[in-house]
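Visitor: Sequence:
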Amino acid sequence: STIFRVVLIMNPFSHTSVFLVALALFAGFCTRAQSGQWLQVEDFGSNPGKAEMFLYTPPGDSLVEMPLVVAIHGCNQSAEALASQSGWLKLADEQGFMILFPQQRLVNNMSRCWNWFQEDDMMNERGELGSIRQMVDYATGHYPVDTAHIHVYGVSSGGAMANALLAHYPELFASGCIYAGGPFGLVDKPMKAMKQMTSPRKVAPSHLANAITSLHNSPPSHWPDITVIHGKIDPVVHPDNGIMVCEQWVAVMELDRKHPHEATIDGRADLHLTQWNDRDGRVHVQLLEIDKMMHCLAVDPGTGECQGGEISIFSYDFDFHSTWWVAQQMNLIRK
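Residue numbering for the sequence shown follows our numbering, starting at 20 and increasing by one per position.
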């Protein structure tokens, strides 16, 4: 069944069949037909987490400063698979921004999940977190990146990693999107992570916030804007995790958690949007919950302005290109 396939693929502790892994990788290598440059960077730093780095640069003037998106894949995905299935490459070509794709190695995790549940990989400048930070530093040091316009996007275990990056390096990022991920700082062992994924326990917002604020000796100059996307019937990462991510950041930013703004997108009743604003009415944290969506990417294949992405074992046609919408929230849609 569909549910079985999704759980098998995205569960960070499952031993996925070689066939499904090969299929995921094959999808990435066979569908990319963009006009920019895709390259692997091997010597980007000491690489404490032994991860891999890929960069995509759009066609055009290589001297013009451009935004950078860090896009982090989920379990048993590759960098190329996420790039193709999500539609990020099409958007980069159209809107003129760079994308950094970190990639997990099988030697680090048999399911190619990011080890968001291992303390050594979640600490500042150490492990996989440190590797991704070095990748960002390499990109900003070797390419014309607009350093005020750096964003991070992650799905599933990549979403948990994205949240960790936002927690540790808030001044580095203008915004972030946690797609089917979970809150930062609640688990430090695999079995605790499994329980958090499937049966999250209620945690006080103040405790959630402290997991982030305790990382900093003084308040950062700004906190990044946060977008969370979660399927309402996600069988792998329980939807309450998405709510907890929002509770975490609302508490960190000291926003009014009791009076959010409720809306839909384009009048669609299946796209539930909850937003938390500051006193000036500016949105800083938002949660998009999608009816009838499990653990997958919402895409809308096609050539239209707001269309993109590809149908795969990781992505389904919801007539809604979630990546385009995320890019819009990141102020990347300029044309």
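Hints are computed from structural coordinates only; laboratory data are not their basis. Since we're looking at a predicted model, the values are computed, not measured. Just to be clear, a hint being listed does not mean it is correct.
[Claimed, not checked] Only pairs whose alpha carbons sit at most 25 Å apart, straight line, appear in this in silico SDA-like list of lysine to any residue: (1) LYS208 to HIS187; (2) LYS221 to ASN128; (3) LYS277 to THR293; (4) LYS251 to GLU190; (5) LYS277 to HIS291; (6) LYS251 to ALA270; (7) LYS251 to ALA223; (8) LYS69 to ASP259; (9) LYS311 to ASP275; (10) LYS251 to ASP336; (11) LYS208 to LYS277; (12) LYS211 to TYR162; (13) LYS251 to LEU234; (14) LYS221 to ASP165; (15) LYS277 to ASP259; (16) LYS211 to SER237; (17) LYS221 to HIS291; (18) LYS277 to GLY204; (19) LYS208 to ALA193; (20) LYS221 to ASP259; (21) LYS311 to LEU292; (22) LYS311 to THR283; (23) LYS277 to HIS226; (24) LYS221 to ASP299; (25) LYS211 to MET313; (26) LYS69 to GLY79; (27) LYS69 to HIS187; (28) LYS69 to VAL83; (29) LYS251 to GLU308; (30) LYS208 to SER218; (31) LYS214 to HIS257; (32) LYS208 to ASN66; (33) LYS214 to ASN128; (34) LYS69 to TYR162; (35) LYS277 to ASP299.
[To be verified] Beta-carbon label-pair distances, calculated as ranges: (36) HIS278 to MET142: 22 to 28 Å; (37) GLU144 to ALA223: 26 to 32 Å; (38) HIS280 to ASP80: 37 to 43 Å; (39) GLU84 to ASP310: 22 to 28 Å; (40) LYS208 to SER54: 43 to 49 Å.
Positions of the beta carbon are idealized from the N, C-alpha and C atoms, including for glycine.
Visitor: Each of the hints needs a verdict: does it hold here or not?
Guide: Status of the hints after comparison with the structure:
1. LYS208 to HIS187: 19 Å, holds
2. LYS221 to ASN128: With a Cα-Cα distance of about 29 Å, the restraint between LYS221 and ASN128 is violated, given a limit of 25 Å.
3. LYS277 to THR293: Status holds; Cα separation ~11 Å.
4. LYS251 to GLU190: Between LYS251 and GLU190 the Cα gap is close to 31 Å, so the pair fails against 25 Å, i.e. violated.
5. LYS277 to HIS291: Holds. LYS277 to HIS291 sits at ~17 Å (cutoff 25 Å).
6. LYS251 to ALA270: 23 Å, holds
7. LYS251 to ALA223: 22 Å, holds
8. LYS69 to ASP259: Cα-Cα ~32 Å, so violated.
9. LYS311 to ASP275: 29 Å, violated
10. LYS251 to ASP336: 16 Å, holds
11. LYS208 to LYS277: 32 Å, violated
12. LYS211 to TYR162: Not OK: LYS211 and TYR162 at ~40 Å, beyond 25 Å, violated.
13. LYS251 to LEU234: Violated, at about 31 Å.
14. LYS221 to ASP165: Roughly 39 Å between the alpha carbons, so the hint for LYS221 and ASP165 is violated.
15. LYS277 to ASP259: 17 Å, holds
16. LYS211 to SER237: Violated, because 30 Å separates the two Cα atoms, which is more than 25 Å.
17. LYS221 to HIS291: 22 Å, holds
18. LYS277 to GLY204: Judged against 25 Å, a Cα distance of about 23 Å means the pair holds.
19. LYS208 to ALA193: 30 Å, violated
20. LYS221 to ASP259: 9 Å, holds
21. LYS311 to LEU292: 15 Å, holds
22. LYS311 to THR283: Judged against 25 Å, a Cα distance of about 15 Å means the pair holds.
23. LYS277 to HIS226: Roughly 17 Å separates the two Cα atoms, so the pair holds.
24. LYS221 to ASP299: It is violated: about 30 Å lies between the C-alpha atoms, which goes past 25 Å.
25. LYS211 to MET313: 22 Å, holds
26. LYS69 to GLY79: 32 Å, violated
27. LYS69 to HIS187: It holds: about 19 Å lies between the C-alpha atoms, which stays within 25 Å.
28. LYS69 to VAL83: 31 Å, violated
29. LYS251 to GLU308: OK: LYS251 and GLU308 at ~6 Å, within 25 Å.
30. LYS208 to SER218: 15 Å, holds
31. LYS214 to HIS257: Satisfied, since the Cα-Cα distance of roughly 10 Å is no more than 25 Å.
32. LYS208 to ASN66: 22 Å, holds
33. LYS214 to ASN128: Given that 25 Å is the threshold and the Cα spacing comes to 19 Å, the pair holds.
34. LYS69 to TYR162: 22 Å, holds
35. LYS277 to ASP299: 16 Å, holds
36. HIS278 to MET142: 22 to 28 Å: 36 Å, violated
37. GLU144 to ALA223: 26 to 32 Å: Holds - the Cβ-Cβ distance for GLU144 and ALA223, about 29 Å, lies within 26 to 32 Å.
38. HIS280 to ASP80: 37 to 43 Å: 39 Å, holds
39. GLU84 to ASP310: 22 to 28 Å: 40 Å, violated
40. LYS208 to SER54: 43 to 49 Å: 45 Å, holds
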